[in-house]
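Undergrad: Listed below are the residues making up each chain.
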Amino acid sequence: MDYLHWFDLMGIAVFAISGTLAAWRKQMDGFGVLVLASVTAIGGGTLRDVILDVPVVWINDNSYFIAIFSAALLTILLLRKRLTIPNNTLQFFDAIGLAFFVIMGTQKALDLGTSNLVAVMMGTMSAVAGGMIRDVLCRDIPMVFRGELYAVTCIVGGVVYILALHAGASTLLAMVLGMTSLFSLRLAAIKWQ
Amino acid sequence: MDYLHWFDLMGIAVFAISGTLAAWRKQMDGFGVLVLASVTAIGGGTLRDVILDVPVVWINDNSYFIAIFSAALLTILLLRKRLTIPNNTLQFFDAIGLAFFVIMGTQKALDLGTSNLVAVMMGTMSAVAGGMIRDVLCRDIPMVFRGELYAVTCIVGGVVYILALHAGASTLLAMVLGMTSLFSLRLAAIKWQ
Amino acid sequence: MDYLHWFDLMGIAVFAISGTLAAWRKQMDGFGVLVLASVTAIGGGTLRDVILDVPVVWINDNSYFIAIFSAALLTILLLRKRLTIPNNTLQFFDAIGLAFFVIMGTQKALDLGTSNLVAVMMGTMSAVAGGMIRDVLCRDIPMVFRGELYAVTCIVGGVVYILALHAGASTLLAMVLGMTSLFSLRLAAIKWQ
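In order, the protein sequence lines correspond to chains B, P and S. Just so you know, numbering that gives the first Met the number 0 puts 96 at position 97 of the first sequence, and the rest follows in order with no gaps. Just so you know, numbering that gives the first Met the number 0 puts 93 at position 94 of the second sequence, and the rest follows in order with no gaps. Just so you know, numbering that gives the first Met the number 0 puts 33 at position 34 of the third sequence, and the rest follows in order with no gaps.
The set of hints was computed from the structure by calculation and includes no laboratory data. Take the hints with a grain of salt, since some may be wrong.
Claimed, not checked - Label pairs and their in silico Cβ distance ranges:
1. P:I189 / S:V175: 55 to 61 Å
2. B:L72 / S:K80: 49 to 55 Å
3. S:P54 / B:L162: 38 to 44 Å
4. B:M9 / S:V175: 39 to 45 Å
5. S:V53 / B:L111: 19 to 25 Å
6. P:L82 / B:D1: 29 to 35 Å
7. B:L162 / S:T170: 53 to 59 Å
8. B:M142 / P:N87: 32 to 38 Å
9. P:L78 / B:L111: 53 to 59 Å
10. P:M9 / S:V53: 32 to 38 Å
11. P:N87 / S:F91: 49 to 55 Å
What the hints assert, rightly or not - Distance condition first, Cα-Cα at most 30 Å in a straight line; then the derived DSSO-like pairs of lysine-lysine:
12. S:K190 / S:K25
13. P:K107 / S:K107
14. S:K80 / S:K25
15. S:K190 / P:K25
16. B:K107 / P:K25
17. B:K80 / B:K25
18. P:K25 / B:K25
19. P:K107 / P:K25
20. B:K25 / S:K107
21. P:K190 / P:K25
22. S:K25 / B:K25
23. B:K190 / B:K25
24. S:K25 / P:K190
25. B:K190 / P:K25
26. B:K107 / S:K107
As the list claims (entries may be wrong) - Examples of chain P residues lying across from chain S (beta carbon under 8 Å, computed):
27. V49
28. I50
29. D52
30. V55
31. V56
32. L109
33. T113
34. S114
35. L116
36. R138
37. P141
38. V143
39. F144
40. R145
Don't be surprised by glycine CBs; every beta carbon is placed ideally from N, CA and C.
Go ahead and model the full structure; you've got the sequences and the hints to work with.
TA: Written out as structure tokens, the structure is:
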């Protein structure tokens with residue numbers, strides 16, 4: 000399922016852009032940009048894999064860093080030209096990345112035999128912990144603690160995925176249902192706010 | 000030794016209450032409460048298990064999260080009714096939880112063949128690292144760096160446990176001695192301050 | 000190669016001094032000093048080993064903590080007598096420690112079969128992540144994000160090491176080349192600034 004990897008890299012790139020923007024706002028140097036872009040993009044997945052005691056996903060796959068570094072470089076070039084990526088474009092792709100990270104993280108935990116409760120937590124952690132580390136390094140209180148709907152959306156998506164599996168859906172159907180509901184909820188939340 | 004698990008869960012619940020109170024003070028949302036309660040309660044044990052490279056204690060045991068979520072929910076309900084848990088009640092149970100975490104963490108490291116020095120550090124880390132992560136997420140300097148007696152009490156408890164083992168005490172006797180001395184020292188420290 | 004261990008301990012001690020100075024500036028207590036000294040000295044290597052899923056380097060070797068605690072104690076004694084370690088002396092030994100950490104971290108990752116890109120990142124992380132955790136615990140924005148040359152020097156050293164290996168140099172020669180170039184660059188950066 001090669002297209003899954005492309006969704007993954009797209010989520011990684013969008014998260015890297017958000018890390019780059021945070022580093023830019025804090026007037027960090029080039030190294031700060033690289034660290035914040037990387038930590039935002041792969042921090043959650045790394046924490047998940049370390050806790051689940053499986054090989055960290057990027058350790059044998061350079062494509063993650065190519066996605067991160069390209070996204071960071073492009074963002075810096077745009078910022079230097081005083082261009083900005085429109086916020087709703089960013090949020091749209093962020094919602095896709097979020098849907099992907101939560102469901103894949105939940106599935107990975109289930110595959111390793113965790114309970115449903117722990118699996119949903121692992122899925123949510125995959126998606127939000129990177130941003131939390133970004134905010135800690137920027138000396139901000141994690142944004143995710145201030146905008147309830149972001150994290151709740153992740154939890155709902157994970158729960159839908161697991162309910163679909165329990166109702167007898169195939170993994171693929173459950174994934175589509177989980178991701179679609181998470182993605183729609185997230186778009187709805189953006190519209191409302 | 001099933002009653003050990005109940006002590007463990009009591010410590011977990013008290014630490015979850017302290018995380019909930021911190022989130023409340025910082026006016027975080029419901030997700031912030033859950034994350035801070037969880038991180039305070041199981042952050043130290045998770046870090047210990049990841050460093051010792053053994054399965055994380057809560058990965059196959061939902062009772063930890065049931066204890067955390069119940070404690071957080073109860074605390075929020077009390078806070079909303081403008082009721083508070085008396086501070087000395089909290090400190091009393093915190094001292095029991097602390098005694099338990101330090102000694103069990105020290106024993107776990109010793110079982111894996113670490114030196115006495117590393118075992119005491121692991122025991123202390125089990126007990127204090129969760130609160131340190133809580134404080135970092137709240138953008139505070141860790142409280143444990145400002146009130147010397149808290150951490151020193153942990154170290155003393157771990158040392159008593161190991162000295163008792165070296166003096167030929169059974170594991171059970173050494174545990175009782177270590178926990179009792181840690182608990183008494185902690186109560187004495189609370190009285191004095 | 001026993002002398003390698005002595006270089007390692009020297010780097011550990013210098014990093015522990017920098018953690019102690021940070022704790023002193025923030026008026027932390029004795030426990031804060033021990034935690035900051037330890038985290039600065041072994042935080043980067045611990046993170047590297049946890050991510051690479053190999054036993055953490057200090058778990059069966061007390062010499063790390065003896066080096067850390069001696070360095071912290073000595074620093075505190077000097078500070079209490081209003082003596083200071085001259086800044087350029089510190090920077091000189093820091094440059095040696097840095098050169099050592101980066102190259103040994105890069106080599107450790109390569110030994111485990113990672114790509115060159117991941118290996119250089121692991122080497123750099125070994126050297127700078129401890130200081131980043133120190134700064135987060137002190138509630139500062141990581142220093143390494145504000146002084147570009149520090150981290151870039153690490154990356155250059157790692158790249159030189161890998162290029163030398165690819166050019167057919169023996170491990171020992173590549174190590175000498177990598178460490179020397181990193182060390183010289185770092186001294187040059189100190190002179191310039």
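Undergrad: Just tell me: holds or violated, for the beta carbon distance of P:I189 and S:V175 against 55 to 61 Å?
TA: holds (57 Å)
Undergrad: Is the shortest C-beta separation between P:R145 and chain S less than 8 Å?
TA: holds (7 Å)
Undergrad: Taking the least C-beta to C-beta distance, is P:L116 closer than 8 Å to chain S?
TA: holds (5 Å)
Undergrad: So the hint says 53 to 59 Å: do the beta-carbon atoms of P:L78 and B:L111 match that?
TA: violated (37 Å)
Undergrad: P:I50 was flagged as interface toward chain S. Is the shortest Cβ-Cβ separation under 8 Å?
TA: At 5 Å from the nearest chain S Cβ, P:I50 passes the 8 Å test, so the hint holds.
Undergrad: Should the interface hint for P:S114 be scored as holding, given a Cβ-Cβ cut-off of 8 Å against chain S?
TA: Holds: closest Cβ of chain S sits about 5 Å from P:S114, inside 8 Å.
Undergrad: Starting from B:K80, check that the Cα of B:K25 is at most 30 Å away, please.
TA: holds (18 Å)
Undergrad: Hey, B:K107 versus S:K107, does the alpha-carbon distance stay inside 30 Å?
TA: Roughly 28 Å separates the two Cα atoms, so the pair holds.
Undergrad: Do the numbers back the hint for P:D52, that is, is its least Cβ distance to chain S under 8 Å?
TA: holds (7 Å)
Undergrad: Assess, step by step, whether the Cα of B:K107 is no farther than 30 Å from the Cα of P:K25, and give holds or violated.
TA: Violated, at roughly 33 Å.
Undergrad: Taken at face value, is the distance from the CA of P:K25 to the CA of B:K190 at most 30 Å?
TA: holds (27 Å)
Undergrad: Between the alpha carbons of P:K190 and P:K25, is the straight-line distance 30 Å or under?
TA: holds (28 Å)
In this structure, the earlier hints numbered 6, 9, 15, 16, 19, 20, 30, 31 and 32 are contradicted, and the remaining ones agree with it.
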